Amino acid sequence: MTQEISDGDEVLREEVRAWLADNWKGLPKPQPGAGGAGWGASAEQKAWLRKVVEARWAVTRWPTEWYGRGLSDAQARIVEREFSKVGAPGAGQDRTNLWANTLLAKGTPALKARLIAPLLCSEVGMCLLYSEPGAGSDLAGVRTRADRKGENFIVNGQKVWTSGAATADYGMLIARTDWDVPKHMGISFIFLPMKQPGVEVRPLHQITGESHFNEVFITDATAPVENLLGELNTGWSVLQTALAYERSVMGEGARGPRSGALEAKSEEPLIALAREAGVLGDPVLRQDIARVIAYKRLNALNTARAKADLAQGTSSPVMSLGKLAMSRILHEEAKVRTAILGAGSLLEGPDHPRAEDANFLTLNAYFTSIGGGTDQIQRNIIGERVLGLPKEPEVDRDVPFRQVRGG
Amino acid sequence: MATLSPEERAALRDSVSRLLADHSAEADVRRTMETEAGYDAELWRKLADMGVIGLVIEEAYGGAGAGPVELELVMEEAGAALLCSPLLASGVLAAELLRALGDEDAKTRLLPGIAAGTSIMTVAMTGPRGEWTEDSIEVHATEQDGAWRLDGVADYVLHAQNADVLLVLAHAANEVLAFEVDPALVQIKPLPTFDHTLRLARIGFAGVSARRLNATGPVWDAVQQALNLALVALAGEQAGGARRCLEFTVDYAKSRIQFGRAIGSFQAVKHMAADLLLESESAISAARNAAQRLADGADDADAAISLAAFACADAFAQVTATSIQMHGGIAFTWVHPAHLYLRRARADAQLFGPPSEYRERYLEQLGA
Numbered sequence: 001m002t003q004e005i006s007d008g009d010e011v012l013r014e015e016v017r018a019w020l021a022d023n024w025k026g027l028p029k030p031q032p033g034a035g036g037a038g039w040g041a042s043a044e045q046k047a048w049l050r051k052v053v054e055a056r057w058a059v060t061r062w063p064t065e066w067y068g069r070g071l072s073d074a075q076a077r078i079v080e081r082e083f084s085k086v087g088a089p090g091a092g093q094d095r096t097n098l099w100a101n102t103l104l105a106k107g108t109p110a111l112k113a114r115l116i117a118p119l120l121c122s123e124v125g126m127c128l129l130y131s132e133p134g135a136g137s138d139l140a141g142v143r144t145r146a147d148r149k150g151e152n153f154i155v156n157g158q159k160v161w162t163s164g165a166a167t168a169d170y171g172m173l174i175a176r177t178d179w180d181v182p183k184h185m186g187i188s189f190i191f192l193p194m195k196q197p198g199v200e201v202r203p204l205h206q207i208t209g210e211s212h213f214n215e216v217f218i219t220d221a222t223a224p225v226e227n228l229l230g231e232l233n234t235g236w237s238v239l240q241t242a243l244a245y246e247r248s249v250m251g252e253g254a255r256g257p258r259s260g261a262l263e264a265k266s267e268e269p270l271i272a273l274a275r276e277a278g279v280l281g282d283p284v285l286r287q288d289i290a291r292v293i294a295y296k297r298l299n300a301l302n303t304a305r306a307k308a309d310l311a312q313g314t315s316s317p318v319m320s321l322g323k324l325a326m327s328r329i330l331h332e333e334a335k336v337r338t339a340i341l342g343a344g345s346l347l348e349g350p351d352h353p354r355a356e357d358a359n360f361l362t363l364n365a366y367f368t369s370i371g372g373g374t375d376q377i378q379r380n381i382i383g384e385r386v387l388g389l390p391k392e393p394e395v396d397r398d399v400p401f402r403q404v405r406g407g
Numbered sequence: 001m002a003t004l005s006p007e008e009r010a011a012l013r014d015s016v017s018r019l020l021a022d023h024s025a026e027a028d029v030r031r032t033m034e035t036e037a038g039y040d041a042e043l044w045r046k047l048a049d050m051g052v053i054g055l056v057i058e059e060a061y062g063g064a065g066a067g068p069v070e071l072e073l074v075m076e077e078a079g080a081a082l083l084c085s086p087l088l089a090s091g092v093l094a095a096e097l098l099r100a101l102g103d104e105d106a107k108t109r110l111l112p113g114i115a116a117g118t119s120i121m122t123v124a125m126t127g128p129r130g131e132w133t134e135d136s137i138e139v140h141a142t143e144q145d146g147a148w149r150l151d152g153v154a155d156y157v158l159h160a161q162n163a164d165v166l167l168v169l170a171h172a173a174n175e176v177l178a179f180e181v182d183p184a185l186v187q188i189k190p191l192p193t194f195d196h197t198l199r200l201a202r203i204g205f206a207g208v209s210a211r212r213l214n215a216t217g218p219v220w221d222a223v224q225q226a227l228n229l230a231l232v233a234l235a236g237e238q239a240g241g242a243r244r245c246l247e248f249t250v251d252y253a254k255s256r257i258q259f260g261r262a263i264g265s266f267q268a269v270k271h272m273a274a275d276l277l278l279e280s281e282s283a284i285s286a287a288r289n290a291a292q293r294l295a296d297g298a299d300d301a302d303a304a305i306s307l308a309a310f311a312c313a314d315a316f317a318q319v320t321a322t323s324i325q326m327h328g329g330i331a332f333t334w335v336h337p338a339h340l341y342l343r344r345a346r347a348d349a350q351l352f353g354p355p356s357e358y359r360e361r362y363l364e365q366l367g368a
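Chains X and P are the protein sequences, given in the same order. If you read the first sequence in our numbering, its first letter stands for residue 1, the second for the next number, and so on. If you read the second sequence in our numbering, its first letter stands for residue 1, the second for the next number, and so on.
Because the hints were derived from the structure by calculation, they are not lab data. These numbers come from a predicted model, not from an experiment. The beta carbon of each residue, even a glycine, is placed where N, CA and C say it ideally should be. A few of these clues could be false.
Now the in silico label distances, taken between C-beta atoms and shown as ranges [stated by the list, open to error]:
{"hint": "1", "chain 1": "P", "residue 1": "Pro128", "chain 2": "X", "residue 2": "Asp138", "range": "57 to 63 Å"}
{"hint": "2", "chain 1": "P", "residue 1": "Pro128", "chain 2": "X", "residue 2": "Lys335", "range": "34 to 40 Å"}
{"hint": "3", "chain 1": "X", "residue 1": "Thr96", "chain 2": "P", "residue 2": "Ala298", "range": "29 to 35 Å"}
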């Protein structure tokens, strides 16, 4: 694909380069350990992000009143490319910062003024308060309630699968604000302050032995009315906006084939494992290994094709298949790893790292096949939105939520 | 190899699609598959006029001079329409073998006829097990006073009963050689095929005189080159067939009403459709990738072709088999087209070797 480069684009490129040359001095490597990677930015990172935001490089597509430059997508990509060339973080947050994007789209002026800059500078931590013990696949069935009292909402209920809850300053909460209308119509979307006595965070212990998620118990917690996003009782549509940002960020992360001629460049991990275990000659295992490698490769090819279609302006059914494909890849790879190890997979612990890998993958594959919508929900979405098959009749449709069965 | 612009490609695809919609609809396929020849001479001529039969033949020899990418696209349409024709045998396998051998005299004499559709050619190579390996060749060549004679059997030969020229691979003293044989001199026994849209025959050679074809390199390399292009074409056919079969299955699931609602609204049916979409889209990705890698002359083209060979074969087989189950009783009847696609899928999955063989090759090509 060729791209017309206008003079204006060249001026912009020079401006970014000059600014980076003057300001970017690198950042110290993040300290390992201590709370896990990714959560909480260092003081140096925050200072750098503040610079990027003030120089209007963080969200160049956004309007000027919110730290942006109103650039086109193509121009914004020029900025992002220059940042990524030197390894500087902070640009392109108008694509990647779920919190700030949702807030810009739906927040009140007061909340935007208070939080947009801190969000872009990673000065405030965020978490998602969506799922509940009784509202998993059926997210619109949330029973956490937010009742208006004066200038505040009083929030009561329980949320689950919340990562980052312990360190977050705010949670993006969906809660029921009207019980006498059908389920999608009585939900509101609120930035709930997390550091208050009514919010209790308890870690969840996963089947892998890790704890990446929390339960959040909310008892008479308060959120000011200005923290409401969108109108009262339109939270479901705000949620769709937020989910769309989340998915597009996940889509950005999806990797295509490693840029062409790499079909056999580095050895596939499964082949290496079978070789090490001395079973690479087993014809049955070879068939299974080839199948799993093919699943991975096909998924990469599908993703590349979807991206090419999108770049040409045609939508592709393939993008929605990625998550389903990934579930299969992980579960099948776990099976083949286990088959390669045989009795070795009975063991665990630091002396048995191959067994640890296979057994961890066996359990953690469910992270993908259940998390973010189960494979079954994903098949419904593909069947209905891509193939156009009709929905199942919903017994709780058009029924006041108060009368809907839960549990 | 010349390649077309994206616009030219789309135009080619559209015109093939329209031609096949008019002349290879279900009724045409059913009528044609019951004929002895197994292809429609008028449609064959139209395909030739459109440049489809000589698509990958060089322009100097009367072809369109296109490459694997265009071939794959056209074959997607052919697969979708269950086209009955010797295209794969003549315009792809035989034509590419002639090009790969590089015998200038043979190319000049034979390729223009193939491209024009006035001559049908096929490659006779596989033995009684139908394998495309050097060892499985059961024809032997002997030379006396500069004249070559062939003895033995070639089995599962594509469209041999329609060919006016046979390209035969045979063992000579210590190498495989390629020969041109007049089909009038051999015994051709048409084979009854499970896929009625396919034509296969067994050829018996008994001291048949043959013209040896010169080769600029090892003959077996030329065979591999021809087979690679044929595999790309076949992958396209499988991907296109899978996609079409899924389309009419989903359409049926939207219109068939049981228990007061479309059966496609039941998750039991809907989830099958979603899984098949993953299969058929993956097949399209694999087939197009193989075509592109081959066109690019990439180092990993062989692996990409092996991947497409088994991924597309498995996808077409799974989509067509599941399609019958999703339809229910109606697709258990002869008059419903689903079984025609299943038959084609099962044939395509064996034509150049089974999926398991290509999985094994894929692993070898990845260094295992």
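How the hints compare with the structure:
Distance hint for Pro128 (chain P) and Asp138 (chain X): a CB-CB separation of about 59 Å, consistent with the stated range 57 to 63 Å. At roughly 37 Å, the beta carbons of Pro128 (chain P) and Lys335 (chain X) sit within the given window of 34 to 40 Å. The given range of 29 to 35 Å is respected by Thr96 (chain X) and Ala298 (chain P), whose C-beta atoms sit roughly 33 Å from each other.
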